[in-house]
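Asks: Residues per chain are reported as follows:
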Amino acid sequence: MPFNTPLFLVFFIIFFVLYNFVFRKYVPRLYLILVGSFVFYAGWNYRFILLIILSAVVDYYVAIAIGNATKQSVKKALLAISISTNLGLLGIFKYADFTLQSAANFLSFFGFQVSMPTLGLVLPVGISFYTFQSMSYTIDVYRGVFTYRKGLLQFTAALSFFPQLVAGPILRAREILPQFETTVNPTWASAKHGLLLISVGLTKKTLADLLAAPAAAVFDINSTAAASLSWMETFTGVLAFAGQIYGDFSGYSDMAIGIALLLGFNIPMNFRLPYCALSPVDFWRRWHISLSTWLRDYLYISLGGKKKRRYLNIMITMVLGGLWHGAAWNYLAWGFYHGCLIIATHVFSNISFLQNFIHSKRLWIKLLKWAMTIYLMLVGWIIFRAENIDSAFNLVMNLHQPDSLPVSSPIVWLIGQLTIAAFIAMHVLDYSVIRYEEKIESRPVVLLVLLIFLQFFCFSIGTPDQAFIYFQF
Amino acid sequence: MKKSVALLTLAWCGFIFVVVTILYNGVMTLIIKETGLGIRRFKQATEHVPTIADNPTSKKIVIVYGSSLIRAGFSPDTFDSEMDKRGFDTISYNFGFDGLNPEYQHLYAKRIKDEFQRKGRKIDTVLVELNPFQTTLTRKDHDQSMSDQWHAIFCTPTELWDITTEDPQRGVRLFSIRYLKNGVSSELITSALRLALKLHDPTLTSKDYAEVVKQRRHIKKHLNLQLKIDLGELYGNQWNFTFRGARMSRRYLSQKTLNLHEKLMNSLRHPIRLEQDLKKRIKFCDIVKLRFDDKLIDEFIKMVHTFQSVSHQVEVILLPQNHQWIQYSLKTKNRLNQVFNRIVTETGAPVKNYQNSPEINANHFSDTTHLTPISGSEVFTRLLARNMAIQSSLASD
Numbered sequence: 004m005p006f007n008t009p010l011f012l013v014f015f016i017i018f019f020v021l022y023n024f025v026f027r028k029y030v031p032r033l034y035l036i037l038v039g040s041f042v043f044y045a046g047w048n049y050r051f052i053l054l055i056i057l058s059a060v061v062d063y064y065v066a067i068a069i070g071n072a073t074k075q076s077v078k079k080a081l082l083a084i085s086i087s088t089n090l091g092l093l094g095i096f097k098y099a100d101f102t103l104q105s106a107a108n109f110l111s112f113f114g115f116q117v118s119m120p121t122l123g124l125v126l127p128v129g130i131s132f133y134t135f136q137s138m139s140y141t142i143d144v145y146r147g148v149f150t151y152r153k154g155l156l157q158f159t160a161a162l163s164f165f166p167q168l169v170a171g172p173i174l175r176a177r178e179i180l181p182q183f184e185t186t187v188n189p190t191w192a193s194a195k196h197g198l199l200l201i202s203v204g205l206t207k208k209t210l211a212d213l214l215a216a217p218a219a220a221v222f223d224i225n226s227t228a229a230a231s232l233s234w235m236e237t238f239t240g241v242l243a244f245a246g247q248i249y250g251d252f253s254g255y256s257d258m259a260i261g262i263a264l265l266l267g268f269n270i271p272m273n274f275r276l277p278y279c280a281l282s283p284v285d286f287w288r289r290w291h292i293s294l295s296t297w298l299r300d301y302l303y304i305s306l307g308g309k310k311k312r313r314y315l316n317i318m319i320t321m322v323l324g325g326l327w328h329g330a331a332w333n334y335l336a337w338g339f340y341h342g343c344l345i346i347a348t349h350v351f352s353n354i355s356f357l358q359n360f361i362h363s364k365r366l367w368i369k370l371l372k373w374a375m376t377i378y379l380m381l382v383g384w385i386i387f388r389a390e391n392i393d394s395a396f397n398l399v400m401n402l403h404q405p406d407s408l409p410v411s412s413p414i415v416w417l418i419g420q421l422t423i424a425a426f427i428a429m430h431v432l433d434y435s436v437i438r439y440e441e442k443i444e445s446r447p448v449v450l451l452v453l454l455i456f457l458q459f460f461c462f463s464i465g466t467p468d469q470a471f472i473y474f475q476f
Numbered sequence: 002m003k004k005s006v007a008l009l010t011l012a013w014c015g016f017i018f019v020v021v022t023i024l025y026n027g028v029m030t031l032i033i034k035e036t037g038l039g040i041r042r043f044k045q046a047t048e049h050v051p052t053i054a055d056n057p058t059s060k061k062i063v064i065v066y067g068s069s070l071i072r073a074g075f076s077p078d079t080f081d082s083e084m085d086k087r088g089f090d091t092i093s094y095n096f097g098f099d100g101l102n103p104e105y106q107h108l109y110a111k112r113i114k115d116e117f118q119r120k121g122r123k124i125d126t127v128l129v130e131l132n133p134f135q136t137t138l139t140r141k142d143h144d145q146s147m148s149d150q151w152h153a154i155f156c157t158p159t160e161l162w163d164i165t166t167e168d169p170q171r172g173v174r175l176f177s178i179r180y181l182k183n184g185v186s187s188e189l190i191t192s193a194l195r196l197a198l199k200l201h202d203p204t205l206t207s208k209d210y211a212e213v214v215k216q217r218r219h220i221k222k223h224l225n226l227q228l229k230i231d232l233g234e235l236y237g238n239q240w241n242f243t244f245r246g247a248r249m250s251r252r253y254l255s256q257k258t259l260n261l262h263e264k265l266m267n268s269l270r271h272p273i274r275l276e277q278d279l280k281k282r283i284k285f286c287d288i289v290k291l292r293f294d295d296k297l298i299d300e301f302i303k304m305v306h307t308f309q310s311v312s313h314q315v316e317v318i319l320l321p322q323n324h325q326w327i328q329y330s331l332k333t334k335n336r337l338n339q340v341f342n343r344i345v346t347e348t349g350a351p352v353k354n355y356q357n358s359p360e361i362n363a364n365h366f367s368d369t370t371h372l373t374p375i376s377g378s379e380v381f382t383r384l385l386a387r388n389m390a391i392q393s394s395l396a397s398d
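So the sequence lines, in the order shown, correspond to chains G and X. Going by my numbering, the first sequence opens with residue 4, and the numbers climb by one from there. Going by my numbering, the second sequence opens with residue 2, and the numbers climb by one from there.
No lab work stands behind these hints: they were computed from the structure. This structure is a prediction, so every number in the text was calculated from the model and none was measured. Note that CB positions come from ideal geometry on N, CA and C, so glycine has one too. One should not assume that every hint holds.
If you want the footprint, here are the derived chain G segments under chain X, 3+ residues with CB under 8 Å [said to hold, decoys possible]:
id	region
1	4–13
2	176–190
3	451–457
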């Protein structure tokens, strides 16, 4: 039941009315959230609700046990139970077949032909999100930065809270659990902000769907066809994918935050104009913030952070971050690529004669840094999205051969211009929300006209059957 | 949430929803009026089906049902007058629609059947066109995105409800397209925009062809003005009841209009345009190799059964082929013959193949597939009427 479907609208109206006018007391509301979230999730596959319950029950009781344990060794063992349960679920459903297949390929490389069995399991939607969220709770309790909470209902309702259940943002227990201790009534101001975010998110998703076709024209072809594409076609396709994945995911996050706001919950921002970043490190401060900070806090710091083996820790974090997106070599390569970029950024930032360049406030230097960063990100998306290594190589080569600029194909130019326009439109929307949110929301007529305009756009155009990209992760 | 804030939120959402729905319906009504958007013809035809079923005529009702090839290539006026000359009193209708593969054609066929059954009446003859390039795997792939659009407007509320119980997400979408969006899905708008993009012809950079296109636009403009004068109130209808589904009829047109029309058809037959048309048909329909989709053939057979349940006689026809541009290999011919055999075996309906009619030549086409709406359609329709009259005479003997 994706947010951009009429069925979700029907579901949410019913839920909203029940939440505000029927279930007005705390415990009934928790039950409503829990049942509503399970109904929402059952839209994909009701059987996998059991996995959410399993993850919640294990982490709930493990956290209590950690909190009550006095010996460090016991706490460690309990934490291991929580992590192995969550990672075990992820491993079985997401990585088992990939690992078995990779092992078979590895052995065949040395001449051993092994036929590995495959599990062929369906990937439960949202498993990468809620397992990470659940783990953060036990790790925080283990580290002593968060006190365990009592109330399994409260914990399960928070973990399965439908706005963020299937595609994040990945919330920390310390961000969401306190909000579930009481159900706070939002102000009209936050409701208005919620409506604005929902409309902006829906518009970005619509634009992302429109960009799917030019992106597919470049990526969903074989490597020979990819090699014959011109520079302009390749650039348009890659930019379209960059826009598609951004609009799709950030649009979903905006809608999730907006829906939560309408119910009185605050979910932190997940994107902050990532394509305006001035360096790869800056990009990761703006892109999928809930995942990058999760990886920083729970993986990078656990590995030792910058105190020891900093670059190795960065590389491990980024490679595993890449793998988080899916069990495939391209995600691993994408993580490795970003690991290299971040390490290179740190190395360059320590070179003395580059200091002026790095810290310069001049506009043209900022523009140069931005251009370099977006170029590196586009190359990264080729690795991420290409069907195979040959296609990725051909597309990267095409991107560096502007001599093949087609002057005889106005349609390519037109699609290129439309892609750039959609890309800019998404950023204008985001910038407007970040910069002028209060001004817009303080003028009811302006807000109402903007909401009508955005909703009309989404109502009229698009291919709503396009699934959200991050659901597959 | 305080009740007042919740109420205010609901009021805002309701207001936005109502305004957006009204705006959307208003804009779509205007767009459909101006461009047809591929659905105006259905809407107009659907409005007239009850009248056709209800008409207390003694004439034999003949429905010619199929794709845009029928829409352009069958002239009810010519058919009825040819049949009349041979002593048969018929009233024929052109039910040819653009952009529908047999799956969607079948949905609409069921609505025609329902209407006739409701009136307790049978159609005398239905000629169902088998358009080979609409039943290919490639074509099905390209039509997939429009599935919701056609289901939303062709299904009955009961059928929609059945879909909803099986797949609530899709069902609610279909209901919303049908009842909130006046039968116009966002996919339809998007595909129309994509088509407009595709029509942004790359060969326009060739100066010579650009000049041809410019002249063609000029002729088209003049032709439209002439048509407005000749047809008066009848101008602009996409499914014209007076012309029984055709968009125009020779007897209403002045010589000046006919000359302009012929001039336009000549311009449309420019080799560059036809070459592009062929490429497009190969890419989106697999028109030369014809690798058929079994499920679409199943749907076609079901459609024939649907018409058989409400008609005295059903025949399957194939329209003439533009051999200057499209030639089948032996393999393709074999594939096509297999399909014919399946249809005959499973439905008992005869298949009449007009693809190789010697009376038709390349000048009877406006592109690689469609007959010209006046001269081409008349030649084919006369041929159809002659064969049908012979067959009817034989039957009565």
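Asks: Confirm or reject each hint.
Replies: Hint check results:
By the rule of at least three residues with a Cβ nearer than 8 Å to a Cβ of chain X, the coverage given for the region 4–13 of chain G holds, with 5 such residues. Counting residues of the region 176–190 of chain G whose CB lies closer than 8 Å to any CB of chain X gives 3, which reaches the minimum of 3, so the coverage claim holds. Residues of the region 451–457 of chain G lying with their CB closer than 8 Å to a CB of chain X number 3, which satisfies the three-residue condition for coverage.
Every hint, counting from the list given before, is met by this structure.
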